[in-house]
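What follows is the residue order along each chain.
Number of protein chains: 2
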Amino acid sequence: MRFPDSPVFTGYQAPSRVESDIGDLEVLGTLPPELRGTFYRVGPDPQFPPKQGNDIFFNGDGLVHMLRFADDGRVDYRSRYVRTDKFVAERRAGRALFGAYRNPYTDDDSVKGMVRGTANTGVCLHADKLWALKEDSPPVLMDPESLQTLGYHTFDGALKSKTFTAHPHFDSETGEMFAIGFAAKGEATPDIAYYVIDKDGRITHEAWIKAPYSGMVHDFAVTKDYVVFPIVPITSNEAWLRQGRPHYHWDPRVPVYMGVMPRYGRAEDLRWFKGHNRYSTHIFNGWNEGRRIFVDTAVAKGNPFPFFPDITGAPFDLGASAPHVSRWIIDLDRTDDGFDEECYDHEVCEFPRVDDRLQTRRHRYGYISSLDVFKPWTRSVATERPMMMFNSMSRFDFEEKKHERWFIGEASTLEEVQFVPRSRDAPEGDGFLIALLLRHGQPHTDLAVLDAMNVTAGPLALVRIPVRLRPGLHGTWVPHWKRPANPLRR
Amino acid sequence: MRFPDSPVFTGYQAPSRVESDIGDLEVLGTLPPELRGTFYRVGPDPQFPPKQGNDIFFNGDGLVHMLRFADDGRVDYRSRYVRTDKFVAERRAGRALFGAYRNPYTDDDSVKGMVRGTANTGVCLHADKLWALKEDSPPVLMDPESLQTLGYHTFDGALKSKTFTAHPHFDSETGEMFAIGFAAKGEATPDIAYYVIDKDGRITHEAWIKAPYSGMVHDFAVTKDYVVFPIVPITSNEAWLRQGRPHYHWDPRVPVYMGVMPRYGRAEDLRWFKGHNRYSTHIFNGWNEGRRIFVDTAVAKGNPFPFFPDITGAPFDLGASAPHVSRWIIDLDRTDDGFDEECYDHEVCEFPRVDDRLQTRRHRYGYISSLDVFKPWTRSVATERPMMMFNSMSRFDFEEKKHERWFIGEASTLEEVQFVPRSRDAPEGDGFLIALLLRHGQPHTDLAVLDAMNVTAGPLALVRIPVRLRPGLHGTWVPHWKRPANPLRR
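Line by line, the protein sequences are chains Y and G. Those letters in the first sequence? Residues 1 to 490, per my numbering, in order. Those letters in the second sequence? Residues 1 to 490, per my numbering, in order.
Be a bit skeptical, because a hint or two may be false.
To be verified - Residues of chain Y clear of chain G, computed beta-carbon distances all greater than 12 Å: (1) E26; (2) N54; (3) D107; (4) G113.
What the hints assert, rightly or not - Chain Y is faced by these chain G residues, among others (derived, beta-carbon under 10 Å): (5) R74; (6) R91; (7) G186; (8) P466.
It should be emphasised that the hints constitute simulated quantities derived from the structure, not laboratory data. C-beta atoms are modelled at their ideal positions from N, C-alpha and C, and glycine is treated no differently.
Work out the full structure: start from the sequences and follow the hints.
This is the structure in structure tokens:
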């Protein structure tokens, strides 16, 4: 068994595939005693070499990583693959049976009709279970401590959508989870299902809408009163799949649409707003003041994904692919169906996050992985995309409209930044920032812990994982007051 | 928690501490289809920084590694710490409670009287259990597949010795296991217990002898008719422990003694032979032709261990510390109580092994880790001892008295070599050599697989473990005909 020699499978992107338990991680520096809870993170880490000879980074099996900060200051680590139906079938076969990213036509006959999900994109805790998420399939539930896979979750059959977002949102006051499924009636369908899920994990509200065009609806926004569905021009078409072309193509000709609906509304309440051709995939947060809705996100002028070609045949434009901190403003009292865009910063960035307690409400600070182009950085040979080569961690102040930044050093890549409040009631911004630092060519990976009010000072501590991890995608922090961080010791 | 900045805890000797499962290891090259079975290997990998601030390499917690070559050609990897009493108590405490190597006077009061073993030196399969061994304590049994620790083993109380060797020997015809315990009545006692254990794991014979002086009896030899106890001048003294000095001191003034006894004999049958002051710790194998006994071993003229000081205060002598392939010959018909030594080679080497099927019988080939001083090699900063820096794998032909060698390449260290017969009945030498290659500064470790009849050609295959492993000590091969190598897949 051998992985291909291509950039996605070599160097710092080489699969790691390690499932491990490591007690008492080494700590360089001093951990703040308030940092108690569990950090989960997931990413694609292919179990087998790709069936079709090569692959894109997004198409690997989901490997969940857990760092547990116990009350006594000790940190334990555990990682486990999500036992998706795909993972189990391929482990049995000893080779890849599923083919290209979101293209069932490339699969082995033996797995036709099976759920293709890899559970590799998002992870969150809700209703006392860990949810491992890939937007092409239902959620997979896991035990939050053992990381044992419990299986695909259809809410006892109530989930009619074939898909479930990797970016659910939460209202910390009501305890509700908000989710969408796009391509909800099958690959490349324009149907979007919207679900409200209560704190006990039951679907309490559902709505079905149709997007103006079919494409990747990777994230969405929920405010106190509204839900916003951004339709961006990463378009899909069933015919391309049958032709063996990439699932998505960038369409520079179509506008961004923003579908706005009351938070507990139905399809007939939906209203579409229209903007320039733009890219946005991840959202800091959304909120509304009366009938004005704000969606803070990272916006680029062009296609961010070189492996999803431009539908017009235009070459990939690295400059246009760079996202910047931006705000989309929708005024429900406007009559022209347009919306406004404000770009606040020229920093290149991705993986926007806020203090999770403020989801659906106004935030001041955003936290983001960024690229300091005046410092050494590794241009991603795999994708030629800034996303995979962040060399800095930034806090963006939406009041002052400025960023503070920490350069992580050479030969390292920063993952998504997670804000950890100092205490349950700490004011916004008072707490810590944590993020994994991938150390290129090194046998370890570090979790950096920074003072969120003093980013430029760099880490208070580095927690060292003595394994090289493959780059991952998204993570979540579960504070100890939400669920105790029991030690993993045996 | 942080390990010291000393050589034993940094660089390629830095603790790894990773317990993991990895399915379907990557293979570079082609694995021979006959290679079916399980390779076990153990080494010291300290769970916690040393209580006394620094430590010697030998004093870490035993971490067992298993590479399983299944019938379908897939290779799985698993590693688990041995849950010794020490490991469990320290994990609970979150810090080291046991102090210096074999010195109970340096322990925390809370663990006084507990078994101090780390189970970090040897590993073997007998009576369907995996035995993890440290010569200062009883064996620890483990499940050979899950690597779950079953606990210390005293043969239902029949083991009266406080200790049990890390180098038991086996007679493949009778299925018997032969073991000693030295310092059998407590640290620094000259008492040696000798045990014969049948194929079902029961003690069937026992003898107690007293060595001419107290010291490390790390290995011994068993032949068809005799057992040989080599007493080498790595001496011990209870007073040193109370004084906080190292457990062992090299004594250049005393001879090597060889105690010879019939295989099923008693203390009164024992006869001592005497030779020059020498070092030998590991034995290829022993056999006898009538009343002539042959013990093939690696012999050095001086102290091999810089951390065990010379009792006379003499400085460490790197040249004298280098072991060479040698033979000790004892003639029971000699009347002067001397024995002969023949040195066959000027290659620097350690970790001698033979085809395990030939233990107690005459062998032709020895397999050994060696140092090609004309090729790049890493001088061990930790110990200044050749043992830790082998850059070559050698087969020594005891008939032709010459070696064949493969240089493993730069920035790598070779571990103990294991011979794997091609089949149950393959002639001696017909099979494969396997050994771990530690890749300094790399995030992976390779298992090299060579044709045992063509060592100079280098590996047929490299099996890649995507984790940096700390240097280990000894291993064992369990062929599939002895115990099936079931896949570990879940």
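We went through each hint and held it up to the structure:
1. E26: violated (5 Å)
2. N54: holds (16 Å)
3. D107: holds (20 Å)
4. G113: holds (23 Å)
5. R74: holds (5 Å)
6. R91: holds (5 Å)
7. G186: This hint is violated: G186 of chain G lies away from chain Y, its Cβ roughly 31 Å from the closest one there, beyond 10 Å.
8. P466: Holds, about 6 Å.
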